[in-house]
Amino acid sequence: MANMSLKKVSIPEQEPCIRNKNFGEVSLGYTAQMAMEEATRCLNCRHKPCILGCPVNVKIPEFIQLVAAGDFVAAYNKITETNSLPAVCGRVCPQESQCEGKCVRAIKGESVGIGRLERFCADYVIEHGGASVVKPELNNHKVAVLGAGPSGLSCAGDMAKKGYDVTIYEAFHTTGGVLIYGIPEFRLPKSIVNIEVNKLVELGVKIKLNAVAGAAVSIDELFEEGYESIFIGTGAGLPSFMNIEGENLNGVYSANEFLTRINLMKAFLDDHDTPYKKHNVVAVVGGGNVAMDSARCAKRLGADTHIIYRRALEEMPARQEEVHHAMEEEIIFDTLVNPVRILGDDSGNVVGIECVKMVQGEPDASGRCRPVVVEGSNFVIDTDAVIMSIGTSPNPIITSNTPNLDTNKWGCIVADETGATSIPGVYAGGDAVTGAATVILAMGAGKIAADNMDKYIKEKNSK
Amino acid sequence: MYKILKKEELNSQVTLMEVQAPLIAKKCLAGQFIILRVNELGERIPLTVADYNRETGTVTIIFQKIGKTTSQLGMLNQGDCILDFVGPLGIATHVDGAKKIAVIGGGVGCAIAYPQAKAFHDAGADVTLIAGFRSKDIVILENEMKAASSSFHIVTDDGTYGDKGLVTNKLEELILAGEKFDEVIAIGPLVMMKFVCLLTKKYEIPTMVSMNPVMIDGTGMCGCCRLTVGGKVKFACVDGPDFDGHLVNFDEAIQRSSMYKNEERQAMDRLNHSCNLLKGAK
Chain A
1 MANMSLKKVS
11 IPEQEPCIRN
21 KNFGEVSLGY
31 TAQMAMEEAT
41 RCLNCRHKPC
51 ILGCPVNVKI
61 PEFIQLVAAG
71 DFVAAYNKIT
81 ETNSLPAVCG
91 RVCPQESQCE
101 GKCVRAIKGE
111 SVGIGRLERF
121 CADYVIEHGG
131 ASVVKPELNN
141 HKVAVLGAGP
151 SGLSCAGDMA
161 KKGYDVTIYE
171 AFHTTGGVLI
181 YGIPEFRLPK
191 SIVNIEVNKL
201 VELGVKIKLN
211 AVAGAAVSID
221 ELFEEGYESI
231 FIGTGAGLPS
241 FMNIEGENLN
251 GVYSANEFLT
261 RINLMKAFLD
271 DHDTPYKKHN
281 VVAVVGGGNV
291 AMDSARCAKR
301 LGADTHIIYR
311 RALEEMPARQ
321 EEVHHAMEEE
331 IIFDTLVNPV
341 RILGDDSGNV
351 VGIECVKMVQ
361 GEPDASGRCR
371 PVVVEGSNFV
381 IDTDAVIMSI
391 GTSPNPIITS
401 NTPNLDTNKW
411 GCIVADETGA
421 TSIPGVYAGG
431 DAVTGAATVI
441 LAMGAGKIAA
451 DNMDKYIKEK
461 NSK
Chain B
1 MYKILKKEEL
11 NSQVTLMEVQ
21 APLIAKKCLA
31 GQFIILRVNE
41 LGERIPLTVA
51 DYNRETGTVT
61 IIFQKIGKTT
71 SQLGMLNQGD
81 CILDFVGPLG
91 IATHVDGAKK
101 IAVIGGGVGC
111 AIAYPQAKAF
121 HDAGADVTLI
131 AGFRSKDIVI
141 LENEMKAASS
151 SFHIVTDDGT
161 YGDKGLVTNK
171 LEELILAGEK
181 FDEVIAIGPL
191 VMMKFVCLLT
201 KKYEIPTMVS
211 MNPVMIDGTG
221 MCGCCRLTVG
231 GKVKFACVDG
241 PDFDGHLVNF
251 DEAIQRSSMY
261 KNEERQAMDR
271 LNHSCNLLKG
281 AK
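The listed protein sequences correspond, in order, to chains A and B. 1 is the number of the first residue of the first sequence in my numbering; add one for each residue after it. 1 is the number of the first residue of the second sequence in my numbering; add one for each residue after it.
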């Protein structure tokens, strides 16, 4: 008999007033007993809508039944049949708009805590071992993956499992891409990312760091070196700014810069050399996950932190959980507010941000209410730092150095539904194709590309 | 790890290193840069490629020991390794062999001006090189710069070597003497580049400058190296580092370059302190 509780089994978390001063993980994860109890809330319904909501089609009811039965290792192995990074996805996927959004239990009450259960299984195996690592038989075909972020890792993992000799080229001095430089430690511990990457290395994936695709290695050279197919997962680098007055003052950061200083370079720690400037008040502009991450980092480093968002609270694109956690952590939400200029002192340092109030107008193309300026409502928030978190566009290095690789007007690589680009044998996925999106969508794209790279190589060699 | 094959002190403050980095050496061109990290706790800093050897697979960097990272780098010796060394980054200098150009280098900026002058010289351009230093004892690359130019001038602030004066004095003197430059390339401290550009604007000579702002990734990701060029925001790492000097907002660039002055000084103090402790222990 299924557990008919309308609410998810609650998950232990660090207290907000404690965690907003440290970088330890916010959510502490289920115990085995909690996981088994939550797993019994799954009805194991016949049409399994949750699987359709998952970009990598994890066999959700099957793994949840195994959790309910207490066979956590088998549950983990079931997840990894289709998902190479479960410890990551269980933590950062927007489940409410994916698997959990489709769950029949959500029609009345809360959905099954699929993300929490996925995380539990992954953490259980990290702690207790037992995952089945089947080292595939090598098929003696070489493929290259450009970028060691979510799409690249997912593609590399799948290609390695299919028996390919995979080499990843990564521009940074470490693997993980946005999982390392973007998503903070308190949401996704870096040790977890490293464990997931090490699993790929155990599968035989080779990793070349400090290798910038398009600069140190070109697509043509990789083909010359004998790679038969190439996946481009170079991400959405280039940060956008609002083009308002004062954006180049000292103390204005892109979210990418702010998060990279903290997450990748650990600039806030005294023994690390990358400089970090201490701020008293920080204003973050934007309403996505990256804005929440920036704000919550700033708060942890001791600043009174504002989120400035031009639409209404319920229209924020961030995961519900992030908004909820940010509010608990005493981040101030200034919604229906839009910056018009950033104010500086004589030495060029930020001293404030001038904003206008907005009201909700008629719905726009996105279906959300178009924010309309309230004339004469200008006011100033005193702040010594501004973090612009309003999106990114794809990294230009690979596209500007690969003339026959087609891009659209935003600079995104053009790829069809199989991941194929304008160059035969070259596939692409993740933010480099879609512009800024989520970890799991990038992983899904890497996975689809892997299937099609496999087909491409087999067809080519059978001719 | 990237091995240091050769180390040479060019003066008490400036060091040259040849680093084994075959992938970069195979590809890099004048005007491009690398990003390096000395050790696990280190920051990522950009340095312009001063020279390269495609056969031996080495890249030459020249740096002034001005902060903690460059001081730590300077403590490494031949045979030691640099942890991370990535490139070639940025857009290479557009080299046109048909031109008559003046290349201006200021101080350690000569380390960047030299490879650009050499590239133009090798392509057949008529290169006038003006190198400015504070004083005779910090002159670097004199023979190299001489060999990469058809006309070479040194000026020093204190007159201890070459003519006394600034690079702008020498440039204006040459212009007034009737030299007709198609282009000027100025590389050195921001203030020097600013004043060269003010001068060449007066004489309507197109001028390129090489910007060297604070960077983290160097691949267009962090936006920390942004500057205003012709009223538009540009990223030095992917749109530059060379820009039309007449369009660069130098005052803003100077302001941005001072962002971490205090933090850098504190880091340097901590380094000096720990070095003194080490010396004490010996």
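Worth flagging that the hints you see were computed from the coordinates, not collected in a lab. Fair warning: this is a prediction, and the values are worked out from it, not measured in the lab. Errors might be hidden in some of the hints.
[What the hints assert, rightly or not] In silico DSSO-like links for lysine-lysine, alpha-carbon gap of 30 Å or less:
id	chain 1	residue 1	chain 2	residue 2
1	B	K232	A	K409
2	A	K357	B	K3
3	A	K277	B	K136
4	A	K266	B	K3
5	B	K194	A	K208
6	A	K208	B	K6
7	B	K180	A	K266
8	B	K234	A	K277
9	B	K261	B	K232
Evaluation of the provided hints:
1. K232(B) with K409(A): holds, 19 Å
2. K357(A) with K3(B): Since the Cα atoms of K357(A) and K3(B) sit roughly 57 Å apart, the hinted pair is violated (cutoff 30 Å).
3. K277(A) with K136(B): violated, 37 Å
4. K266(A) with K3(B): Cα-Cα ~26 Å, so holds.
5. K194(B) with K208(A): Violated, at roughly 40 Å.
6. K208(A) with K6(B): It holds: about 25 Å lies between the C-alpha atoms, which stays within 30 Å.
7. K180(B) with K266(A): violated, 51 Å
8. K234(B) with K277(A): Status holds; Cα separation ~23 Å.
9. K261(B) with K232(B): holds, 26 Å
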